[in-house]
Amino acid sequence: MNQNIVDPSLQVCAFRLGTDLFAIDLKFVQEVFRYQECTPVPLSSRSVKGLLNLRGQIVMAIDLRERLGIATRVEGKTPISILVRSQNGAMCFLVDELFDIITLESEQYEPIPETLDSEERRHDSACFKLENDLRTLLDVHSLGDLEGSVLNSQVGKLNRLPRQPHEAGAT
Amino acid sequence: MENEEFIREFLEESEENLDQLDQDFVMLEQNPGDLERLGSIYRAIHTIKGTSGFFGFSKLGGVTHSAENLLSRLRNGDFALNQDLTTALLRSVDAVREVLDNISRDGVEGDGDYRELNRTLDDFAVNPPSTDTPSSAESHANVSEENQVEAEENRDRDQVSDVHDKSMLGVIELANEVSGLIADGLDEEKDTPDKTDEILGDSGSLTAAPESAGGDINEKADRVEKLGSISEGHHETTMSDNKLAERSIRVDVGLLNQLMDLVGELVLARNQLLRVGAPEKDQRLNNVTQQVNRITTDLQERVSQTRMQPIGNIWGKYPRLVRDLAIQCGKQVELLIEGDQTEVDKSVLEAIKDPFTHLIRNAIDHGLEKPEERTAAGKMECGKLHLRAWHQGGQVNIKISDNGRGIDATKIRERAITRHLLGPEEAHAMSDKDIIQLIFTPGFSTAAEVTDISGRGVGMDVVKTNIEKIGGTIELQSTAGVGTAVKIRIPLTLAIIPALIIQCNHQRFAIPQGHLVEMLRINQKETTGKIELIRNAPVYRLRGKLLPLVYLSELFGYESSTSDSKASGQNVVVLQTDNRRFGLVVDDVDRTEEIVVKALHPVLGSIPQLAGATVMGDGRVALILDVLGLAGSVGLSVQDLRKYSQLKPAGQSEKKPERILVFRLASDRRVALALSDIDRIEDFPKSAVEQLDSSPVVQYRGQIMPLIPLENYLGEVPTAAGDSLFGAGDAASSVKCIVIKRGENFFGLIVDEIVDVSGLNGPVRDKNTVGHPIRGAAVVDGKVTDILDAGAVLEAAGLQNQQPVGAAT
Chain A
1 MNQNIVDPSL QVCAFRLGTD LFAIDLKFVQ EVFRYQECTP VPLSSRSVKG LLNLRGQIVM
61 AIDLRERLGI ATRVEGKTPI SILVRSQNGA MCFLVDELFD IITLESEQYE PIPETLDSEE
121 RRHDSACFKL ENDLRTLLDV HSLGDLEGSV LNSQVGKLNR LPRQPHEAGA T
Chain B
1 MENEEFIREF LEESEENLDQ LDQDFVMLEQ NPGDLERLGS IYRAIHTIKG TSGFFGFSKL
61 GGVTHSAENL LSRLRNGDFA LNQDLTTALL RSVDAVREVL DNISRDGVEG DGDYRELNRT
121 LDDFAVNPPS TDTPSSAESH ANVSEENQVE AEENRDRDQV SDVHDKSMLG VIELANEVSG
181 LIADGLDEEK DTPDKTDEIL GDSGSLTAAP ESAGGDINEK ADRVEKLGSI SEGHHETTMS
241 DNKLAERSIR VDVGLLNQLM DLVGELVLAR NQLLRVGAPE KDQRLNNVTQ QVNRITTDLQ
301 ERVSQTRMQP IGNIWGKYPR LVRDLAIQCG KQVELLIEGD QTEVDKSVLE AIKDPFTHLI
361 RNAIDHGLEK PEERTAAGKM ECGKLHLRAW HQGGQVNIKI SDNGRGIDAT KIRERAITRH
421 LLGPEEAHAM SDKDIIQLIF TPGFSTAAEV TDISGRGVGM DVVKTNIEKI GGTIELQSTA
481 GVGTAVKIRI PLTLAIIPAL IIQCNHQRFA IPQGHLVEML RINQKETTGK IELIRNAPVY
541 RLRGKLLPLV YLSELFGYES STSDSKASGQ NVVVLQTDNR RFGLVVDDVD RTEEIVVKAL
601 HPVLGSIPQL AGATVMGDGR VALILDVLGL AGSVGLSVQD LRKYSQLKPA GQSEKKPERI
661 LVFRLASDRR VALALSDIDR IEDFPKSAVE QLDSSPVVQY RGQIMPLIPL ENYLGEVPTA
721 AGDSLFGAGD AASSVKCIVI KRGENFFGLI VDEIVDVSGL NGPVRDKNTV GHPIRGAAVV
781 DGKVTDILDA GAVLEAAGLQ NQQPVGAAT
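Chains A and B supply the protein sequences, listed in that same order. Residue numbers for the first sequence follow our numbering, so the first one is 1 and each next one is one higher. Residue numbers for the second sequence follow our numbering, so the first one is 1 and each next one is one higher.
For reference, chain B alone in the conformation it holds in the complex (with noise of 0.2 Å):
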């Protein structure tokens, strides 16, 4: 028993000098004078060989033994470290981490064979090789093999994460804390019984009374307490034997967690502590109420933290993952390593790494030329690839960029083309930018022959969907000849999340804001447009694209929400994921929060419009929306919506800002008419206006003109304007008329005042009401403006289908 205690810790240290091996023989290799560097990875050697001695693994021992020679001749300085050598000595950590494996996994050996390594390291020892032999493509391709492998097989390894000291034992001493106040609380609680009891009947039967909620806490301090002296021995243990101790201690990650889920809970009886004690009741009741709670959320804060590690721990095997990948690609790489102390959540870390690869792969194989190439395009032989990471707003940001030949847009677009992705006028419509993004469709990027001429793609796709499955985003830029980034943003944690709580049918849900685009509330009865059918599927035009919406209530099968809701106004939120952006309609938006993310039993996690639950401030529990999923619920696919999307509304020209005049009515309200409507403007002195059935009249150009008051079309109240035309008046006064011309008619309409002729730039927002004078509205030179349509307000006026009336001479 002792003994495999003894081999836990000896795997757990090896684990780390290796990834730490790697590194420094990256680095030996780029400065081969670095002495230190090199006593150091002797050190690390002979440590191992000395241990497997110790517990008789002879194939571990045999191939650190070999590997310590050549390393004794090397600090000798009887020669050189080059190329072959360093990858020699970095096939041996390869076959350590191998047989580590097996004996993590097995507790033995393995049936690993190393005797034809331990024959070349042996032999370069004795002869080594003249620096400037080539380097043979083959080893460093089985180099790289063995890696990939044993990088898949390391994944699942990794069970001890570095705990700052300092947070440790912040954890301990609030425990402490904690655990002290509340036995104060209960005590004063036993001095008054019947303020026990009434509380008691106030919490009702759902509830928890005080003294189980005190004793819950009391019990979880306790148990917080034993994790932590637990730990606390531990550090004593491992003090003695690593310098490096003094900073920090090792602890088990499923420790790490049952802390944190023990805090989760701490957190929420602390919740219902708050609600039971009653503020005004007791006063003393209620400090401490307070400080558990502030303690509480402390406690909670440092927990979290210390799950955080730097992303230096997953960027700490790139040296020798971008040295092993030019040397195959025949390429020159520099790698510029920035911010990778930048903390992230273990799990975040853990679900990024893969994607991370990927995309260096893609730089070094896709991205960067050879370095003949460089030289004719006048760039440096030496390409660079640069990672860099730091925190914004929340958030981790995290930026991978190389100076290599970028993506051509155009043999995107063409690719686009051939594959019938797009169709040509709307590939060529597209912008570079947005052609580029293509490359993240799925079908697009796993061809082969794609990689070739566009430089990158193999399975962006998934690269984006592993991004986004975590709550991040993923963006790229790229410039042809000048090179590519790819710019991503990670949440810090994936157990904590800030997110959009919504309400359906009397129930909240959760959307990771991750997703969350904008929020619209589309009112039937105003100016703001309406929701349209496209092959029964709802649409709704959201600054002149169409935005398909999904019905969440429809969608889980709810009674429809009332009649009476959908007319004054519908919830949509907008969301966007895998470049599909749609609005989900909801009944209620209610506030964004973070929450604790829980994972959905099993039989529940096929249900794709799930992503999980979470428990809210007053203890229920509330479903997490799966924007993923819902966006298969869409009706449209992204095809139907481009080709819908070239589909202008009528009556929008598409070409030029439309000509517009703006004028004003009486009622002070902006209105525009198209100029092309618009025959002339003129003033009619009010004597002039003579009456025909009630209505009024001018004589103009040889007809009878009719006069229509618009503010009787448009929904105002009439004013006097109107029926001022008839009476006496003020002679001098005169009348402003738009004279519109249909067929041979004329016709006027009365506006109190001309404001300006005017582009019409922005989007209209389509009233779309068949026959209603008012066309939209739009924003004309900084205000709202109504944009009139003058075959309808003829219509309106009963004056469309009017014979010309010929006036009498």
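Bound conformation, chain A alone (with noise of 0.2 Å):
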């Protein structure tokens, strides 16, 4: 999976959770919106925020920090909405801030680090360096792929195995 990691530059939306900076693949993301008021599904998983009306489209919205296990957002913080295209059809992210977009070289990411925990990078496609940090790109498709969490309304830490990580820049 790791010699996949061939484009030359690669250009990733990235936002916050909490503390921590994250990032997707650019090209999977539609459009940024604010957030608005979703109305609750029952019996899905945690990481499922709601269903929210898109100019009359309706869209899955999936709070990225029960998604990775990050505490729970503190109320009255209204999270931002990133539309992304995946596989498993359009949903909407909900992160914290908006940080940036980045144009990343070749050289300024890499594979995970295979000593990490298969659990613990489960949504990780690879790290990247900004000046003095490292931050992880997640994969669009892996955090949308909510099969068999659906149903399972444990937070974050999911029994399952661990998937491979989606290439990320493949074509």
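None of these hints come from the bench; they were simulated from the model. This structure is a prediction, so every number in the text was calculated from the model and none was measured. A hint or two may mislead.
Which residues of chain A face chain B? A few of them, derived with a C-beta cut under 10 Å, are [unchecked claim]:
(1) Val-48
(2) Asn-53
(3) Gly-89
(4) Thr-103
Derived list of chain B stretches under chain A, where covered just means 3 residues or more per stretch with a C-beta under 8 Å from a C-beta of chain A [as the list claims (entries may be wrong)]:
(5) 547-558
(6) 601-607
(7) 615-629
For every residue, glycine included, the Cβ atom is placed at its ideal position computed from N, Cα and C.
Quick one: dock chain against chain with the hints and give me the complex.
Pasting the structure below:
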């Protein structure tokens, strides 16, 4: 999987969750908009924040905090919605704050070190280096793949087999 | 590239021609002298042949050439059409269809071998089979098998729908109007910038500002317009070469769906505009908004119309199917079709295609008898199969009836007992009508032998499930020896359905109305009965039948509703699906509404209790409940319920209506007591009433009989009646008493007036509070009457275990 990262440069959409910085491949990002009230879906996973109406289209919103097992968002702080189009269809990722669009040159990002716990890097596809910071690039498809976890209301840590991380930048 | 475009057009055209050919051949077989029809068949085949030569499709050319040869001899009147010839020609139609399928899928003709068919056709053209040749069953069987395979392949291919010219033009007109209007509206807004700002402020962060909403509409209107003009262009090109094009045009279904989606968005944007444009602020803006509102509604209606297709589009295949099946089963069948112009949404049409084919197969295979059998039964040799469709109340009704042997309820009953679906007593207690419904039971119908016995039934459960999946209902009526009728009701469209909006945990949910039976409010305080538990599963006695309950809030893991709301009463929505009836307990029932169904994200599709989502008028999303999925949450199986339903509530005799004495209390309340509890009715002069321990008594048949003022124990305000007993009173007045005898003791219940003796026919709504003197309530002679429990009255009066008191003599 690692040798697949061959794209010379990669544009990513970076955002904040708590104190951490994450990023997703920009080519999957369709638009970014302010959070709107959504309708909770009973019996779904806790990551599923609910359904919202985006100009007549019904879109599922996934709270990335829940999805990544980061502490629940403080009440009153409205998240930002990122509409992505993954292989699982359109969905919305809720993040705390949008950081920036970053262009990463090939030397700026590398595969996730094998030493990381497979459960920990479940959604990671690569890590990238900022000036003096190391961040992870998240895999849009893995984040959106709630199959098997949708009926499981456990938070974050789902007892699932680790997936093959998706190849970032693979066309 | 251009070639591809032509091929696509050729395929679309041929597809239609083929369907027509199937029908024409069957008609022609029945009326071989119809030269006009023969001519049209010949032309259709000739067109396909010509075009296939042009594109170099040699197999197609070969088959159509042979068929054409044969047809030309028929046309010249060299010999007449008979069954074998028809079969061979139909096979060639099948072959053409197969090749066309291959071309549309892979772009090549495929590797089918049609030489044998060609030989047969050529052979027939030279040596026509004699008219009386008995048809070989095998060859017919083959035909129909091919059919089946080919029908399956065909299913996804129908990409084009005919749209009525009129409605399409209407759409374009409306779209133009909308865009013009909105442009006006925007101009006006520019004139009053301060107002716009004001509205902007009002709209808050979540709703779109008028400019963006207006812009949205404008953009959409433009797109609608563009789509419209595209199809208009299409119109012109097709017009020249097709005489049919003058009445209708071909539009890609994908385009129609896009149009539908855009109109949906337009509707939502309109809704926002309606909210933003506050009426009292600007009259002109209000006028424009209202007009946009009206036009959008019209536009939505017309676009929905473009998706409607006559049901004849799927029924058109049936004459061929019926013919093949009839030959295969050695039966004679006359197919009557009525109302094939009845229009249904395309998606509904797709969904009912398979269930219908199944029902027709059933009717011919199992329903109708063989000619000799029919003659023996004194019927016409030729069986009748009648298809009828008509609109009624926003739904489409379809009836498939045959005059075959019908379903023998006795045999199904036996079958049900041997398969342990029902106990013997239970089975015999059920009416024939109910018994027949058993063929919809999954386990019942799949057994092969049942087919022979019952005359029907393979996969009827699948038919039912498929019909119910699209919100339809299916009803079966059958009389042994006379025939069977299946009546199906389906919604006009799947995209917009009427639904009941309910609330649970302050969230709205929609329940498709097709499943709704009734709504109840169970009030714990009243005499309407209460919720009981069977093996921890809540049930409610609804008119004597057990109704299992599902608490939506519990099911969805919400905090259970406050005890407050439970005490004041519970809203129960009674739903029916799949022969199962259950009550859904919800917090609140809002209203019914037409909703636009949208699919859930596939990830959420695995939640069986949810069927989809919809956008409500305020722009928020509401979930649509899946009634079938909810039924799975019922804690009791059908068998359980059937068993428990047999247990009648205590004290309610089953056989004859209970004889009761109806009387009236001083407070005018109607009360009744079982006649069997009553010993006598007596009148005592007031002067005879004496006092014992401050309670009224009379001397009666050598005993001291306590008199019980009923009011005091029925929660009534004690009237003067009781007290006045001791007063000097009018010596002439009397006290009416119902004397009841317990053991050796007599007790007198004081009443105001005896009304009548009557029968307790109706159901008793149980009070079910143990020890309460009122056992329940029922309607007696048209009036609500409390039913008294004599034992409980005595208990309440503290007299139950009283020792007999001998009167001092």
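How the hints compare with the structure:
Annotation: interface hint on Val-48 (chain A) holds; nearest CB of chain B at approximately 7 Å, less than 10 Å. Look at Asn-53 (chain A): its Cβ gets to within about 5 Å of chain B, closer than 10 Å, so that hint holds up. At about 6 Å, the closest approach between the beta carbon of Gly-89 (chain A) and any beta carbon in chain B falls short of 10 Å, and the interface hint on this residue holds. The restraint placing Thr-103 (chain A) at the interface with chain B is violated, with a minimum CB-CB distance near 30 Å, outside the 10 Å limit.
Restraint check on the segment 547-558 of chain B versus chain A: 4 residues with Cβ-Cβ distances below 8 Å, three needed, restraint holds. Remark: the segment 601-607 of chain B is confirmed as covered by chain A, as 6 of its residues place a Cβ nearer than 8 Å to a Cβ of that chain, reaching the required three. Coverage of the segment 615-629 of chain B by chain A holds [criterion: at least 3 residues with CB-CB distance below 8 Å; count 6].
Hint compliance for this structure: hint 4 is the single one not met.
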